[in-house]
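> If you want the building blocks of each chain, they are given just below.
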Amino acid sequence: DTAVSQTPKYLVTQMGNDKSIKCEQNLGHDTMYWYKQDSKKFLKIMFSYNNKELIINETVPNRFSPKSPDKAHLNLHINSLELGDSAVYFCASSSGGMNTEAFFGQGTRLTVV
Amino acid sequence: AQSVTQLDSQVPVFEEAPVELRCNYSSSVSVYLFWYVQYPNQGLQLLLKYLSGSTLVKGINGFEAEFNKSQTSFHLRKPSVHISDTAEYFCAVSPNNAGNMLTFGGGTRLMVKP
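Taken in order, these protein sequences are the chains called G and D. Under our numbering, residues 1 to 113 are what the first sequence spells out, in order. Under our numbering, residues 1001 to 1114 are what the second sequence spells out, in order.
Please keep in mind that the hints were generated in silico from the structure rather than gathered at the bench. Keep in mind it's a predicted model, so treat the numbers as computed, not measured. Backbone N, C-alpha and C define an ideal beta-carbon position, used for all residues, glycine too. Accuracy of the hints is not assured; some may be wrong.
Claimed, not checked - Residues from chain G that face chain D, not an exhaustive set, calculated with beta carbons under 8 angstroms: (1) I45; (2) E101; (3) A102; (4) F104; (5) G105; (6) Q106; (7) G107; (8) V112.
Based on the sequences and whatever the hints tell you, model everything.
Okay, here's the thing in structure tokens:
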């Protein structure tokens, strides 16, 4: 039973399009995250979200927006896609508190052409 | 703010040899420390973590790491590697007063050769 699942696994789209990546966790965690891994494997936090607070990495363009319909889901919406958005996007979740292990999804490889 | 430096981008090693993957960090606040492993086309899996207490931390798959506060290091070690350990390894920190927003190092590719 997958703990953190993302769909789709692969996404190829044209510049200028709007797309969404879905993420669901069945761990009962309070906090969810989105990370971006670029072509050089460098991982960077984009957002942290729980039902009280959204923390945004200031370097993330406002074309990116997280949407959480409920505690188990945190979807990533991207408007006006650009070539530089091509990357692997990872969703993660954690319970917060002292047990700060983050569980990661399998990633979504986004290719903008 | 935090930063993490993994000093080696690639580490080639023969099977059954010992290995050390180096990680140094800087932070203005106390942090928790983590090592994650990423196998090809997979997500990240936690190897081990340091929250407090003993500075020597044992993780899965025979890996261990030692937290050295004076040197701000958290090096990962394994006494005898297997072919199956070939993967990308990421060191990460999170501030211990603000949830679990991880700052990652650039990764070290461990390549185990027969």
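> Could you run down the list of hints and mark each one as holding or not?
Verification of the supplied hints:
1. I45: With Cβ-Cβ at 5 angstroms, under 8 angstroms, it holds.
2. E101: This hint holds: G:E101 lies near chain D, its Cβ roughly 5 angstroms from the closest one there, short of 8 angstroms.
3. A102: It holds, given that the least Cβ distance between G:A102 and chain D is near 5 angstroms, below 8 angstroms.
4. F104: holds, 4 angstroms
5. G105: This interface hint holds because 5 angstroms falls under the 8 angstroms limit.
6. Q106: Given a least distance of 5 angstroms, the restraint on G:Q106 holds.
7. G107: holds, 5 angstroms
8. V112: violated, 19 angstroms
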